[in-house]
Amino acid sequence: MQVRLSDLKLGETAVIEEVALPESERQLLMRFGFQDGAEVRCSRRAPLGDPIVYSLDGSEIALRVETACQILGARVESRPITDYSE
Amino acid sequence: MNQLLQTMADSTSQSQQQVRTVALIGPPNSGKTTLFNRLTKLRQKVGNYPGITVEQHTGVMALSGREITIIDLPGVYSLNPHSEDERVAVSVLNGSMDGVPRPEAILLVLDATNLTRHLTLAAPVIALGLPTLALLNMGDLLAGRGGSIDTVKLAGELGVPVAIVSATEGTGLDAVGRFLQQANEPVQMTLPVVQDVRECRRWAAHIARESAYRAPLPPAWTRRIDDVFLHKVWGPLVFVIVVGAVFQTVFGLGQPLSNALQNLLAEMGQKVAPFIANDFLRSLLLDGIWKGVSSVLVFLPQILVLFLFIGLLEDSGYLARAALIADRTMHSVGLNGKAFIPLLSAYACAVPAIMASRTIENKRDRLATILIAPFMTCSARLPIYTLLIAAFIPERPVVGVLLGTRALAMLLLYVLGFAAAIGTAKVLKSSVLKSTSAPFVLELPEYRWPTLRSIGLRLTDRGSVFLQQAGTVILCISLFVWGLTNLPLHQGQPPELEKSVVARLGHFIEPVIRPLGFNWKIGVGLLTSVVAREVMVGTLGTLYGRDPETRSMSLQAALQHDLTFSGAMALLVFFAFAMQCTSTLAVVRRETNSWKWPVIQFIYMTGIAFLGAFLVNHALSALN
Ligand SMILES: Nc1nc2c(ncn2[C@@H]2O[C@H](COP(=O)(O)OP(=O)(O)OP(=O)(O)O)[C@@H](O)[C@H]2O)c(=O)[nH]1
Ligand SMILES: [Mg+2]
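These protein sequence lines are chains A and B, in that order. What the first sequence shows, in the working numbering, is residues 1 to 86, in sequence order. What the second sequence shows, in the working numbering, is residues 1 to 624, in sequence order.
What the hints contain is simulated information worked out from the structure, not anything from laboratory work. Positions of the beta carbon are idealized from the N, C-alpha and C atoms, including for glycine. Some hints could be false.
Pair ranges (Cβ atoms, derived) [to be verified]:
1. Leu42/B <-> Leu48/A: 37 to 45 Å
2. Val432/B <-> Glu66/A: 21 to 29 Å
3. Ser64/B <-> Gly37/A: 31 to 39 Å
4. Gly37/A <-> His231/B: 55 to 63 Å
5. Leu48/A <-> Gln44/B: 33 to 41 Å
6. Leu402/B <-> Gly37/A: 46 to 54 Å
7. Lys9/A <-> Ala260/B: 54 to 62 Å
8. Leu48/A <-> Lys363/B: 43 to 51 Å
Only part of the chain A face toward chain B is listed, based on derived beta-carbon distances under 8 Å [as the list claims (entries may be wrong)]:
9. Gln2
10. Arg4
11. Glu18
12. Ala20
13. Arg31
14. Arg41
15. Gly58
Rough simulated footprint, nothing fancy, chain A against chain B, three-plus residues with beta-carbon under 8 Å [as the list claims (entries may be wrong)]:
16. 322-330
17. 372-381
18. 441-447
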């Protein structure tokens, strides 16, 4: 089932399926790794709930809710996201 | 690694052409400037958040008798620029930047702890076809946290030599020397379509896998610290405590040091006085120059304390967290959260802050940030703030030893400046500069220990800028003001202060500033402070030093004697708002490419300053 990244609970992971934003914004997000197939974990929220910090590719990147709710993905079972070796 | 370089060198050693110019390129915060400083022995600014370097810097590296020009560039995520700083980097690489030689070789600086993502940039950079050395920086962290990579395989995959280095520890850097001695074109490889970010990422992941990249464990400490600093309750609390501590230290530690320095300087003046026989010369040296310059010099301790804190915030990585906590505020006025980082750096000085706005992708957001940055309380306001607060506000504890009345007053002035910035942003963003923002994407760097060396360098650099300013601008203006206090000569004798040219000038403008609670001396100070804010203090030092009534007093005592409480508070508010800085005006002109914005900004800020000071003066006088 698809979820918005902004609806992920702390510690949950999703694989991105769609970035529903205009092309230039999509390009910008892509540079940080937000793109189809990327595995993203919701790692914490700023004190007031917005922005949200996501872990992907081993770095921590913050997005505002208004942006994160336009990124759709499928929830996956959490597993250590740092293991690239397999 | 050595072997690899060797074999590559052997195969083409006949076709060497000597490299004279080499550019450092890499994603933001990968350590390019740290490396640049190592190679060139220069001291460009380093810090632990993305987007510190926003223009190119060149330096020279000596290499076995040859001189090689090294160019440090702003960080880029791709060669497809979205913001002004990235545009600078890309035009330097293309050789289309005026006055900068086209690079003949490239040092590609990647963060080894983040390689899967950082390798994305390798494809477009290698595709430029220049001799390239890929430096996997932060090698110390990679090894320390159990990561590893097969550099020989990676070099094979990339078609360029690879070295693991640590710019902070200086390890592995001999590879740079060897590369520059015999730089080779990249071996032809199949690279992805370099315009397509998605393709590049897929390629990068593939390459990382092929070269057995094992990412290091996540930085456990960073996570633990963020559990507190970004906690719902503790986070904002820490934020407030940090800010409070800064101000309390400026007063608690800075003020006594500053008083000691003042006594020392005054005594030095008195010791020297009897040795100067000529009256005129003595007045020139002591009343004119020494009073003016030393009244500014005494603020050196406070400035250093402030910069110590700014250094700790920038080097540790807390700055990015502060931006995160404050994003809601930025959001509510319609500004991109990224604007908060330039605004924070404006606490040091508006000039680099305005430059730092180059990292903001949206043009209108960038302009709004440039226009509001000078409202942020820069360090040049510190002398006049501490002077007036110490003179007019008695010290009482407010929250135990944590916060006193003086620190609180200072804090309120900072809040006032910030509120003016935010209010102005709101007006601009809902009218002339309305736009949809580019999405806010902020990378949180891992925490790092600020090193004694980097903090020490910041303080010495800052201290010497301050001393230089005192020795040049402030000295000249003090001298000029002193000269005016001695004109017109009357039968070869200088006039009384009240009859001098400067008093006439002061009295001429007095009607305008009297409603604000200022006297003519303050007025003359304000005129000179258009050059730079701290000049005000120098001018007042000289004027009160020339006045027989206040000559023997400290500047603080002289002001108490000469200014009402409401006038002093009005003056503080005036300084909080007014645009009194020629360097800021010049940089706004440069960055916006027109005189229009600096002129509007000057009129607007001065207008608000007048209005604010007027209201405060009248409100407080009515209360008394
Ligand atoms: N542990 C470790 N830290 C490093 C190393 N190199 C740089 N750093 C730190 O990384 C941070 C960023 O360094 P900078 O040199 O400012 O990075 P930059 O690439 O110039 O950044 P931008 O100008 O923003 O693109 C600083 O806190 C440095 O102290 C390294 O080899 N090891
Ligand atoms: Mg840099």
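Here's how the hints hold up against the structure:
Distance hint check for Leu42/B and Leu48/A: the Cβ-Cβ separation is about 41 Å, which falls inside the suggested range of 37 to 45 Å. For the hinted restraint 21 to 29 Å between Val432/B and Glu66/A, the CB-CB distance of approximately 23 Å keeps it satisfied. For the pair Ser64/B and Gly37/A, the supplied restraint of 31 to 39 Å is violated, since their beta-carbon distance comes to about 48 Å. Taken as a hint, the range 55 to 63 Å is violated for the pair Gly37/A and His231/B, whose Cβ atoms sit roughly 32 Å apart.
Taking 33 to 41 Å as the suggested C-beta distance range, the pair Leu48/A and Gln44/B conforms, at roughly 36 Å. Our hint of 46 to 54 Å for Leu402/B and Gly37/A holds, since their Cβ atoms are close to 51 Å apart. Checked against the given bound of 54 to 62 Å, the beta carbons of Lys9/A and Ala260/B, roughly 56 Å apart, stay inside it. With their beta carbons about 28 Å apart, Leu48/A and Lys363/B fall outside the hinted range of 43 to 51 Å.
The criterion of a C-beta within 8 Å of any C-beta in chain B is not met by Gln2/A, whose closest approach is roughly 20 Å, and the hint is violated. Violation of the interface hint for Arg4/A is found here, the shortest Cβ-Cβ separation to chain B being roughly 14 Å, above the 8 Å cut-off. Hint on Glu18/A is violated. Least Cβ distance to chain B is approximately 13 Å, over the 8 Å limit. Interface restraint check for Ala20/A: the shortest CB-CB distance to chain B comes to about 12 Å, outside 8 Å, so the restraint is violated.
Given the 8 Å rule on beta carbons, the hint for Arg31/A holds: about 4 Å separates it from the nearest Cβ of chain B. About 11 Å separates the beta-carbon of Arg41/A from the nearest beta-carbon of chain B, more than 8 Å, and the hint is not met. A least Cβ separation of about 5 Å between Gly58/A and chain B falls short of the 8 Å threshold, and the interface hint therefore holds. For the region 322-330 of chain B, the stated coverage by chain A holds: 4 residues have a C-beta nearer than 8 Å to a C-beta of that chain, and at least 3 were required.
Three residues within the 8 Å Cβ limit are the bar, and the region 372-381 of chain B against chain A gives 0, so the coverage statement is violated. Under the rule that three or more residues need a Cβ within less than 8 Å of chain A, the assignment of the region 441-447 of chain B holds, with 4 such residues.
Hint violations for this structure: numbers 3, 4, 8, 9, 10, 11, 12, 14, 17, all remaining hints satisfied.
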